[in-house]
Structure formats: C-alpha cells, structure tokens
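2 protein chains.
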Amino acid sequence: MTYRPRPISGFPEHLPEIRMVEQSMLDRIRATFESYGFAPIETPSVEELEVLLAKGETDKEIYTIERLQADETTGSEARLGLHYDLTVPFARYVAQHFSELVFPFKRYQMQRVWRGERPQAGRFREFLQCDIDVIGVDNLALTFDAELAAVAMQALKAIGIADVTLHLSNRKILQGYLTGMGCKDLVGAVRWLDKAEKVQPAELVRGLIPCFPGPTSEVAANLAVVFSRHISSGTAFIEHVRESGVQNALLEEGVLELKQVIEELGHLGIDDVVANLSIARGFDYYTGTVYEGRFADQPDLTVVAGGRYDDLAGAFINKKLPGVGLSIGFSRLFYKLLQTNKIETGRKSPTDILVVLPSAERRAMALSTAQTLRARGFRVETYHAPQKLARQLSYAEKKGIPFVWFPPFEDGNPHEIKNMETGAQTQTDPETWQSDAG
Amino acid sequence: MTYRPRPISGFPEHLPEIRMVEQSMLDRIRATFESYGFAPIETPSVEELEVLLAKGETDKEIYTIERLQADETTGSEARLGLHYDLTVPFARYVAQHFSELVFPFKRYQMQRVWRGERPQAGRFREFLQCDIDVIGVDNLALTFDAELAAVAMQALKAIGIADVTLHLSNRKILQGYLTGMGCKDLVGAVRWLDKAEKVQPAELVRGLIPCFPGPTSEVAANLAVVFSRHISSGTAFIEHVRESGVQNALLEEGVLELKQVIEELGHLGIDDVVANLSIARGFDYYTGTVYEGRFADQPDLTVVAGGRYDDLAGAFINKKLPGVGLSIGFSRLFYKLLQTNKIETGRKSPTDILVVLPSAERRAMALSTAQTLRARGFRVETYHAPQKLARQLSYAEKKGIPFVWFPPFEDGNPHEIKNMETGAQTQTDPETWQSDAG
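From first to last, the protein sequence lines are chains L and X.
In this text, residue positions in the first sequence follow our numbering: the first is 1, and each later residue adds one.
In this text, residue positions in the second sequence follow our numbering: the first is 439, and each later residue adds one.
The set of hints was computed from the structure by calculation and includes no laboratory data.
Check each hint, because a few of them may be wrong.
[Stated by the list, open to error] Anything over 10 Å on all C-beta distances counts as not near chain L; from chain X, calculated:
| id | residue |
| --- | --- |
| 1 | E485 |
| 2 | E585 |
| 3 | G618 |
| 4 | D710 |
| 5 | D738 |
[Claimed, not checked] Within a straight-line C-alpha distance of at most 30 Å, the following computed DSSO-like cross-link-like pairs (lysine-lysine) qualify:
| id | chain 1 | residue 1 | chain 2 | residue 2 |
| --- | --- | --- | --- | --- |
| 6 | L | K398 | X | K758 |
| 7 | L | K388 | X | K697 |
| 8 | L | K348 | X | K595 |
| 9 | L | K157 | X | K786 |
| 10 | L | K388 | X | K757 |
| 11 | X | K633 | X | K697 |
| 12 | L | K259 | X | K697 |
| 13 | X | K826 | L | K319 |
| 14 | L | K319 | X | K786 |
| 15 | L | K320 | X | K836 |
| 16 | X | K786 | L | K348 |
| 17 | L | K319 | X | K836 |
| 18 | L | K320 | X | K826 |
| 19 | L | K388 | X | K758 |
[To be verified] A few chain X residues that face chain L, going by a derived Cβ cut-off under 8 Å, partial list only:
| id | residue |
| --- | --- |
| 20 | I500 |
| 21 | R550 |
| 22 | G554 |
| 23 | T789 |
Note that beta-carbon positions come from the ideal geometry of N, C-alpha and C, so glycine has one too.
Put together the whole structure using the sequences plus the hints.
Here it is as structure tokens:
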C-alpha cells in the first residue's frame, strides 16, 4: 500500500513549464526594481512572535513553528512564527541594522509569506510578495511617493501586464475632508467609504449618517459624491474636491501632495495612473499617499497595495523613520493570469540545443561539442544513450527543445543542426553557430 | 520602553552589500544548471508530516507549523511540517505530477530548508540548498552520474570557488569489497569506514575487527589500507583496488562504473575530481556513485553531497524511478566564504548612476534624464532633494555608486558625468553615454 501524494490546499506549486514563466517574470520585476536603485535584502522566514505582534493584535493569521522532536530544553527560547508580510520583518531589519544602512534606504524584498488561513479555494496560505520601500530618518521627500508608483507600473509592464491601473489617493484628503465636515467617527466613516465602490450610493449614505452630528443626509450625500466611484486622470480630482466647497488645512495639504505625485509621474512618463479618492486602505497605518493596483476586468482584486507611513520602526527603536512602500502580490497576480489562460507555456526545459549521441564510441565527441556550445552561452543537453535517432528527436520534441545538433557520425563529416520548428537542417560548426530564433 | 530587535540564532540575514554578492552567486549557479538543461521547479515550504516521515524515522529535526489562532475546526487537517531537504519534496512532486513530466526528468531546485535544531553557533536552522537531480523510469544511464559532477564543479567555478574538490566513489566498490572479505556486519563496517579519515588507522582497524568472523586483524588492516585516506586522480584507484587481491562481482561493477564516470568527466573537461574510496554517505540510500565536495583547507566541511539512488519515489507510487542527484549546501558555503573574508563587497546599492537634482525647478528634466538612462539598461537614482552638491555627492559615495550625472543646470548647457573612482568629469549625453567601467 502506498501513500497517494496530493496537493495541499493554499500551497501552490507548478510544473516546470509554468515555473519557467514565473521565474522569468520575477527576474524582470527584480531588474525593474534595481533599475531605480533599490537594493535587495532577504530576511529569515521567521520572526520572534513578539516582533510579529509588535503592532498589537493583528488580523493576519500567524503560523508558529514548533520542533517535532522538542524536548524540555527549548522552553526558554522565544517562540517563532512565519512572517505574514514583508513589512514587519523589514521594520525589524532596519531597526536592527540601523547604523549600517545608508538613508534614504531603498530596498526590495521578494519572498514567500505565510498566513495560517483555514483551507479555502483560491485562498493562499503560502505566497510570494514583491515589496519595495524607501525609508528616511526624520523625514522623507515626497518625490519617492511618485517614484514608487512608477516602479510598480514599470514592473507590471515588464511582465506584460497592461490591464492593471494604479489608483492613487492621499489619506490627508479623506481625513481632512471628514474633519472639515464635522465627522465625529473617523474610523466608522472610513470603514464605510472603504466599501464605497462595492455598495449602492443610497446604502453608503445611510451608513455615513451616524458618523456625523445631527441629521446630516446632505453631508453624507456630499461625501458619497466626492468619494464614491470618482476616478479621474491627471489632476482633475482637484476640481472635483474644490466643487464640494469644503475647506480644511489637512485636506489642502493632501490635495497638494497628490497633485505633486501625479505631476511627477508625468515627468517619469507614467500616465496609466488615476486619482481615486475612495482608496482608504484601513486607518491604522497609512498617513499620506495610498496606492492600489487593480485589474480593469476584476477591480476587487487588489494586486498592488501600499502607501506612505509616518514611522516604520517606532516599536523597535527610538527613531522616527517615515517611509513609503508598496507590495506587488505576485502569487495573486500570477494565479489570475493562469486562471485567464494568459500564461504562454511551451518549453518544458530551458534547453536550447539537444546534441544527438550518434553511438557509444562517439560519446566523447558529443560531450565536447556540448561543452563548446555551453561555453558560448547556449543551454545544451547531450542525449544520454545511443538510441535510434527517432527516439532522440522525440525527446527534443516532447521537451520543446528548439534545436537538435548532429555531431559528425564519422570523422571528417561536418556538424549539422536541425531547427525543430521549421524542420530545416544545415551544416554548421560549434564554434560559430548562431541561433536565428533570437 | 521599546523591544530591542536581535538576531535569531541559526536564521542568518545579510546587509544589502552582502546580499548582492549572494544573489549574483545564485544567479550564476542557476545559469550553470540551466546550461545543462535542468529545468526549475519550486515546491511549497511545507509537506504533510506523513510525506516528511515516509522513509520511516528521520534523523533530521522537523519543524511543524501550527496556527496561532487555531480553532477546533482544524483538527481534521493533516499536520504540516517545513521541509528539511529538497529530496523528499522532489520525490513527492515527481510522484504527484508523474504523468505530466518528460523523462529522463532533469530538475534543479534552489530553496530554503529548515531543521529544528537546538540553537548552536554555526548551526543553521534555515538555509539555502541548490539541488539537481535526474530521474528515469525503470533505469537511468550512467552518463548522468558524470554530468552531475560536472555541473556541480562548473557551478562552483562560476562563483569563483576553486578550492573545493569533488570526491567520488561508488557504493558498489565498498559493499562488494566488504562482502568479498566475508563481512558479517556491513552497517557496522561502513559506520567505521565513514570515519576513516577522522580516526587513526590503528583505531579504525580495532573498530573493524568485530565486523568479520574470526580473528581478522589482517582483513581489517587490508580494509584500512584500501579505504582510508586513499585519494587518487584519474583511474589510478583501479590499480589500488586490484592490488588488494579481493574479487567480487559487485566490486567489479562498481570499479567499472567509477571508471566510466571519471573518464566521461575528462571528456567534459572536468579534472578537479578525485576518487576517494572512503566516501560512504550512510548506508540506507545511495546505491552507486557517491559525491562529496570538500574545501581543501577544511576537508570536514562538506558543501556538495549526493549520489545515485535506486528509487526516488517508491514510497509514493508503484513505479521504479532511479536517479542521481546532488545538493550544493549554499548557506554553508557562503558562510565559510564570509568567515574567511572571501566575499568582496563594496557597493551598498545596485545603482550605476546617481542623477543630481540641480534645483526644484529642474526636477522634471532630472527625472526624464534618469528615465532615458534606465530605458538604455542602466540602474539609476535621481537624488531626492535640491540639496548642496557636496551632500548629493556624499550620498553617491556612501552607497558606492560609481557614476554621478549632472543634468544641465541651465537650459542650453551640456550634461556632464563624473566617474567617482577616477574623479574625471566629462561632457556627455543620456542617449549615447557608455560606461567604460565594464
């Protein structure tokens, strides 16, 4: 009787032909991050529970790790948990290595994170995030808020994704506006506005009324008009806010910041961003610019998220470390591409050329032909046994290897190469052959 | 009062300047694996405990994961553990996806693994392994045994490591020899021979005597001579085995296999391998070729290990899947390089060029200059604030950015670039500039 292996819900894995596409996308994201000078770091998969819970209770489900063969001597050790995002580990990292980093510190981090969710279709328990953050000491220039948005959009473009729009707002606009309107329950109001795009305007208005003193359906209606479903390009959002007539210093600050960010994105040549004043992203963390990247055909699927925060590592050291960061939810995004058949797979192997093995006696020559081609940068396999040619060609075909190389079957004969797509077979030389397939 | 962040014993992390070196090494290892046609896969970080323990008891310490906020509904789920190597997950992967893979299946896998060890200096609890394996159905050509050794050596060469020697043997030699000598306790004898390089010959002989019938100090002495500290290049080992006069069919098979592997390595241009008949690598798993890569100056530090096995996935499906594989213990290797100051670090950022920000008014121009350079493949930062030039240059210096770009401070003036190493500053153009720094 044998154990039948089965997938574990929430822990995806892929066939090589899919993994090759994924890996190439991750390479391109990484190259984009580096093209803006972000430096790579990785942190351990675990943190002390005290670190993971430093911000107080978290709504993220945490996996702890325990030694299966634990004994009593481990009792004194701190309990460890798998990180549920890359922000908390990064905060701990910056605090711990503070004196060895140069600020503004720009880092990217592409790692797996874990959430101890109950198994459920389409819900990941292990997934890959690609994070970028810039951290300053005491203050951080607003220019980075534009840069982050540009990096995210260019990273998406680099992996061929054109149907994600980056929605931008500034938390000061929302908070200033609400304050200017006399709101007595900011948290409650934000919670409703967070749903602005999902509920009907009338329901939104009903939800907002209790957040203000007095009978205030006009206030609520005004709010619904300003913050619900209003998406604009360029700086048209300013007009929209002005029309409402509300005045407040914080609101004004938010408007100017969002304006500058959008203008700078223009200078960077990035124009597929929109102002969307309903973006709130919770209330406990972000204090300025907020980002949300959404697929055009599935706007409730957020694949990019982030924003500006006042203090990254306050829980750890006595420094004020403001920053701006965002996270590309790579696994989610990749899953969506897979679900909608947008992943083009073909080759089951990275091999460019299969070198045929003519006979056992000519193995040395086949092996050295392969080495010559490898030294020139090609990815090469030598067929493992002197089997019938049809069988060797069939191996190349099944793996999607684009070229088959025939070393001379007898001394004095030339090398030949076969293009598996066109079927063309020509004389060639391992020292000089060039792929015309690009 | 703030929590003071501290490192967690056994879970290494690095500063960006170290991580950049590590990442570049991993890229080069990956490129080497692909140059031989190995395809990438990744598996989840966890497996069901049943899978991790499928081979019966393991001497590897396993970390299980538990939901911190667990509730009674999770009781029915299989328990999950972090994988402690990449071989067990790979076996499960091949069994699970058997019908979708093309055989011989060549895969590489570069992932973190975890061991629930007690904290101890120099002992990793999370580390990175780089594995390659080739799996056949029913049988697998011996040529792959040579290929794997070649790939490992080329991967080490690609990351600048010249002082690791690959020690090769074949388990059939050891087993055949012992049988030919009348051994009645193969396991006991192998356990002693495994220590052959660490103990004195006299102690080894004393340990071996009880494994044979009768008073057999001659037998033990003969064994010690053949298997202890005998390291030879080329096929000189054959002579050495023949001299001992023992004859046995399995021994003969092992000698011929090792001979072929070493000869093929010659055809592949790999000669820094040695035959070392004392390599045993336990007794429960490997059945033919065995590999061990060791630093010349620290031979007890094994950084490459692997071998030929009869059946990868027998515990999972009713197929015979022989294979050959090896693992580069990257974290161990990297730690050794760090300890011996062999990691050359300098730059704290991947940035090639820092574009100076002349003034707030000229930000648009600075930003678009940076974009032009990025589009040409350079990694570029634009300084974030119109601060004094000395401050901007100092930022470049602290991060080790090799070039500083001066966009025109007034319209009509030319761009200039400064080489931070030589101090030379010249007129230039963002559309045409080429780095002479290679």
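Comparing the hints with the structure gives:
1. E485: The claim is violated: X/E485 sits with its nearest Cβ about 8 Å from chain L, within 10 Å.
2. E585: Violated: least Cβ distance 8 Å, not greater than 10 Å.
3. G618: Since the minimum Cβ distance to chain L is about 29 Å, X/G618 lies beyond 10 Å and the statement holds.
4. D710: holds (15 Å)
5. D738: holds (25 Å)
6. L/K398 with X/K758: holds (21 Å)
7. L/K388 with X/K697: holds (26 Å)
8. L/K348 with X/K595: At roughly 27 Å apart (the allowed maximum being 30 Å), X/K595 and L/K348 satisfy the hint.
9. L/K157 with X/K786: At roughly 27 Å apart (the allowed maximum being 30 Å), X/K786 and L/K157 satisfy the hint.
10. L/K388 with X/K757: holds (25 Å)
11. X/K633 with X/K697: Holds: X/K633 and X/K697 sit about 24 Å apart, inside 30 Å.
12. L/K259 with X/K697: Between L/K259 and X/K697 the Cα gap is close to 73 Å, so the pair fails against 30 Å, i.e. violated.
13. X/K826 with L/K319: holds (25 Å)
14. L/K319 with X/K786: holds (22 Å)
15. L/K320 with X/K836: holds (21 Å)
16. X/K786 with L/K348: violated (37 Å)
17. L/K319 with X/K836: holds (21 Å)
18. L/K320 with X/K826: Holds - the C-alpha atoms of X/K826 and L/K320 are around 24 Å apart, at most 30 Å.
19. L/K388 with X/K758: holds (24 Å)
20. I500: Cβ of X/I500 sits 4 Å from chain L, so the hint holds.
21. R550: This hint holds: X/R550 lies near chain L, its Cβ roughly 6 Å from the closest one there, short of 8 Å.
22. G554: holds (4 Å)
23. T789: holds (4 Å)
When held up to the earlier numbered hints, the structure conflicts with 1, 2, 12, 16 and fits the remainder.
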